[in-house]
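Chemist: Here's the letter readout for the chains.
Number of protein chains: 2
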Amino acid sequence: MSFKTDIEIAREAKKKPIMEIGEKLGIPAADLLPYGHDKAKVSQDFITSLADRPDGKLILVTAINPTPAGEGKTTTTVGLGDGLNRIGKKAVICIREASLGPNFGMKGGAAGGGYAQVVPMEEMNLHFTGDFHAITSAHNLLSAMIDNHIYWGNSLEIDQRRVVWRRVMDMNDRALRDVVSSLGGVANGFPRQTGFDITVASEVMAILCLSKDLEDLQKRLGDIVVAYTRDRTPIYCRDIKADGAMTVLLKDAMQPNLVQTLENNPAFVHGGPFANIAHGCNSVIATKTALKLGDYVVTEAGFGADLGAEKFFDIKCRKAGLKPAASVLVATVRAMKMNGGVAKADLGAENVAAVKKGCPNLGRHISNVKSFGVPVVVAINHFHSDTDAEIEAVKAYVAEQGAEAIVCKHWAHGSAGIEELAHKVVSMAESGTSNFSPIYPDEMSLFEKIETVAKRIYHADEVIADKSIRAQLKAWEEAGYGHFPVCMAKTQYSFSTDPNLRGAPTGHSVPVREVRLSAGAGFIVVICGEIMTMPGLPRAPAAETIRINESGFVEGLF
Amino acid sequence: MSFKTDIEIAREAKKKPIMEIGEKLGIPAADLLPYGHDKAKVSQDFITSLADRPDGKLILVTAINPTPAGEGKTTTTVGLGDGLNRIGKKAVICIREASLGPNFGMKGGAAGGGYAQVVPMEEMNLHFTGDFHAITSAHNLLSAMIDNHIYWGNSLEIDQRRVVWRRVMDMNDRALRDVVSSLGGVANGFPRQTGFDITVASEVMAILCLSKDLEDLQKRLGDIVVAYTRDRTPIYCRDIKADGAMTVLLKDAMQPNLVQTLENNPAFVHGGPFANIAHGCNSVIATKTALKLGDYVVTEAGFGADLGAEKFFDIKCRKAGLKPAASVLVATVRAMKMNGGVAKADLGAENVAAVKKGCPNLGRHISNVKSFGVPVVVAINHFHSDTDAEIEAVKAYVAEQGAEAIVCKHWAHGSAGIEELAHKVVSMAESGTSNFSPIYPDEMSLFEKIETVAKRIYHADEVIADKSIRAQLKAWEEAGYGHFPVCMAKTQYSFSTDPNLRGAPTGHSVPVREVRLSAGAGFIVVICGEIMTMPGLPRAPAAETIRINESGFVEGLF
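Read top to bottom, the protein sequences are chains W and V.
According to numbering that gives the first Met the number 0, the first sequence is numbered sequentially starting from 0.
According to numbering that gives the first Met the number 0, the second sequence is numbered sequentially starting from 0.
No wet-lab data here; the hints were simulated from the structure.
Please read all numbers here as calculations on a predicted model, not as lab measurements.
Check each hint, because a few of them may be wrong.
For chains that are exact copies, the list does not tell them apart, and a pair is met inside one copy or across any two.
Claimed, not checked - Keeping only pairs whose Cα atoms sit at most 16 angstroms apart, straight-line, the calculated EDC-like set for lysine to aspartate or glutamate is:
1) Lys218 x Glu549
2) Lys3 x Glu461
3) Lys14 x Asp37
4) Lys250 x Glu122
Let the sequences and hints guide you as you build the complete structure.
Modeler: Structure follows, in structure tokens:
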């Protein structure tokens with residue numbers, strides 16, 4: 000069999016003018032700020048005018064732990080959005096923006112795949128509407144103002160060894176991870192060791208994605224802790240007086256981006272924080288706007304449900320007051336096989352035993368999602384190599400867990416392949432059975448919050464943390480940050496902190512290596528393992544073959 | 000008297016939808032890529048389709064040496080464009096884009112002033128259509144790929160001490176001028192000393208502004224010399240295989256931006272290279288597109304005519320095959336007085352003697368511009384404090400030089416205040432007297448080119464250069480760069496290299512401190528004095544007061 004690639008399908012898309020897509024949602028032309036003919040931002044004024052409308056129903060798409068086999072979480076998010084529209088529901092999709100830098104290392108990707116994609120793919124992998132560039136500028140303006148403050152006399156008495164605000168660039172550039180700046184003499188300032196992270200790792204990104212409006216944005220930016228004095232007094236962004244100018248730099252970036260699926264249904268693509276040191280969800284403002292405009296909003300969370308859904312529930316929904324009505328857990332037969340011990344090269348052969356052996360990974364995610372009070376259905380994202388016996392094995396297992404698994408063929412057939420799931424999601428959401436609440440209350444101590452996630456979601460026996468880490472958590476509680484949720488940064492490949500431990504491990508420990516305060520975003524980052532915040536390029540980066548070909552198409556990016 | 004500020008006037012502008020402005024120029028809606036409702040890019044396809052049309056007439060607006068009194072070169076460029084439209088000519092304005100970073104140091108500025116402005120002012124001082132961000136990304140992708148090449152085995156044998164390609168950021172950040180990168184151990188590469196320039200100083204900016212299409216752009220990017228081996232063999236961007244991906248990053252940025260004046264006339268605002276280490280003109284592609292669409296194109300060059308017009312003629316026109324039909328030299332009575340020795344505080348009082356004493360600065364610029372074969376008229380940009388006697392003194396002086404000086408009141412009255420100049424420009428252009436040629440031929444040796452500019456334009460006695468600099472120029476000639484023009488980098492405040500030497504000095508020397516090869520842009524930079532390529536922020540940066548106010552307007556940026 001030969002299939003068209005995602006980019007071939009995307010290039011054949013019969014896109015409608017973005018003004019028409021907006022019109023379907025009832026957005027007046029004057030409130031849609033076009034970027035070319037296929038992308039637009041929705042004006043803040045229009046968003047403000049929606050405040051009194053009722054909300055649609057929010058559907059979360061999450062997944063099992065990712066494996067090299069691929070799960071198709073975004074593909075299913077897009078497919079379900081198209082499927083809901085197909086069965087007569089007004090549905091809006093909300094997903095994240097892609098980071099530019101990594102596309103020049105490994106090939107960039109579609110938003111979705113097959114016949115369940117969001118377009119324009121090329122722009123979404125390049126500059127798109129400039130949001131990430133605005134975040135880079137806002138972040139680095141603060142950095143420049145900190146060093147400038149020190150240069151001109153340091154009246155805030157910043158301890159130059161305790162500047163915690165680094166710089167960012169949307170590029171995979173390992174040479175910038177660790178630098179000494181301000182060399183070259185008096186005119187260039189005071190030399191100190193610092194470094195760059197990739198833009199998606201910026202706290203400004205997390206803040207933009209959690210802010211409800213420009214006022215909230217500026218307040219949160221002001222709350223960022225940028226440095227400490229010698230006696231450990233925090234210095235805030237507000238003390239540096241950068242919050243106003245940063246807000247000005249971000250005012251357009253705060254407005255959600257509207258694009259469309261291959262089937263001309265509306266999709267908001269907005270924000271893209273790291274899913275480890277941040278919460279990994281699209282922006283609150285896009286989700287809330289979509290809820291005012293659609294009967295259904297389909298969104299996704301980063302990585303597997305242990306990281307992504309947990310943060311979606313405990314950080315995004317908690318902070319934004321969102322109440323998900325139902326959730327979809329994406330799994331594939333192939334991924335079950337890998338969880339059952341099959342190597343990637345052997346995935347083509349039928350192996351029902353391995354599927355059965357891998358299913359407990361899925362089972363644990365089902366019960367985890369249920370523990371937040373949200374009803375869940377499993378979407379089996381269909382691959383051509385799946386056999387009937389393998390599919391039946393997954394279905395039977397899921398039924399034993401008190402849930403249902405539905406085979407979805409949106410990749411091959413678009414919305415026509417996912418009608419059954421769409422109907423199921425509607426019936427779950429309409430049933431009113433969702434009774435969402437975060438897994439821990441605000442008042443719980445920070446360390447107990449970490450333990451709660453580790454034990455109830457990861458099924459670990461214990462959390463291991465040095466005295467200094469526990470003391471730091473205590474200190475933040477005393478400083479008034481005790482009500483913050485915790486943002487867990489661990490490997491996405493396992494429930495444990497060992498990426499090779501597939502399935503549903505028990506008896507493991509969660510070692511906390513470091514904790515960081517994101518005072519503007521409003522969470523405590525808990526780092527369990529090595530977390531890379533500035534990627535490098537591979538030996539033969541994709542950039543080497545990216546070019547505009549004779550037909551004027553971009554080649555090598557996908 | 001009380002006047003409205005530029006921003007007050009700009010905010011009262013009755014902007015037309017940008018699609019309407021494009022329509023007036025005959026650009027089909029599908030070929031205008033909107034960015035909001037008041038900015039658009041013109042598609043490359045449309046530009047390509049114009050190839051066989053005849054060109055309109057090109058008018059250069061240049062000025063005397065800048066003084067703290069202000070000359071109003073951009074204001075006059077915009078005013079003249081409006082004036083030509085007023086008298087029934089189809090005129091298009093071409094100016095440069097503003098750099099984002101410096102606006103957070105000192106207050107940003109209008110494009111023009113008073114009733115001769117281009118809008119939207121706010122966006123043009125912020126992210127605009129993202130061109131500079133694209134340039135930053137393309138530049139830094141190459142930087143990352145160079146260090147990545149070294150990291151993965153350095154098969155090109157780059158001498159790490161001889162990497163000449165730095166990084167860029169569109170921010171005033173002195174801490175980045177001089178850094179050591181790749182610290183932190185094996186995983187982060189090989190430590191080396193490097194630094195950041197501001198984006199407008201990037202050779203990528205100069206290249207984008209001189210390229211005629213995407214193919215030419217990629218060829219020029221490939222030509223950039225990024226490093227040398229131990230035996231001084233140059234390593235090109237093409238060797239690093241970054242040219243294709245950089246072109247992809249720049250494909251939208253290459254398309255000119257269309258905006259409008261307060262009088263709803265079309266203006267292309269595109270590109271903005273440094274006017275010292277680069278040529279300081281808007282893009283060739285914008286100018287050429289405008290020439291296909293308008294009967295008249297009014298454009299400007301950076302700084303005074305000694306730097307700006309010289310580079311416009313010797314670099315931009317030479318390379319792009321442009322033939323200016325006439326030029327306008329902007330002067331003010333106030334600036335003449337400062338050239339005549341009056342301090343800024345005393346500019347309010349009539350002082351005919353000082354005006355007369357300062358006029359030789361203007362006189363020399365007149366004869367310099369004429370020496371390129373281009374007819375010239377002087378525009379006296381009128382200030383309310385100018386007295387009749389002072390104006391008459393300037394007019395009389397200019398008449399003695401065989402030229403005409405016309406008082407222009409576009410700042411206060413828009414196009415109605417500049418009709419006389421518009422008629423004069425038309426009669427000069429229609430007369431066919433322009434007989435443009437660059438001041439030196441391609442074949443002249445590089446050092447003789449420097450001498451030609453120094454002697455014929457700056458009226459210096461001699462050029463002083465170390466043996467090592469002369470040897471470097473010779474080496475470049477042998478390497479095949481001898482046909483390049485020279486790009487002089489010296490103070491803009493004087494014909495000499497001493498910024499305090501006003502008027503029309505003679506008998507001075509031009510010391511060449513350093514020469515640099517811009518192999519992609521296609522010129523040799525000749526540095527005469529201190530040139531700063533990464534500005535710093537002042538003690539109280541404008542950013543501290545920039546914010547969105549209660550009415551939703553940006554405050555403090557202007």
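Chemist: Does each hint fit the structure? Answer for all of them.
Modeler: Here is how each hint holds up against the structure:
| no. | hint | in the structure |
| --- | --- | --- |
| 1 | Lys218 x Glu549 | between (49 angstroms within a copy, 15 angstroms between copies) |
| 2 | Lys3 x Glu461 | neither (48 angstroms within a copy, 68 angstroms between copies) |
| 3 | Lys14 x Asp37 | within (7 angstroms within a copy, 23 angstroms between copies) |
| 4 | Lys250 x Glu122 | between (21 angstroms within a copy, 11 angstroms between copies) |
Going down the numbered hints, you'll see the structure goes against just number 2.
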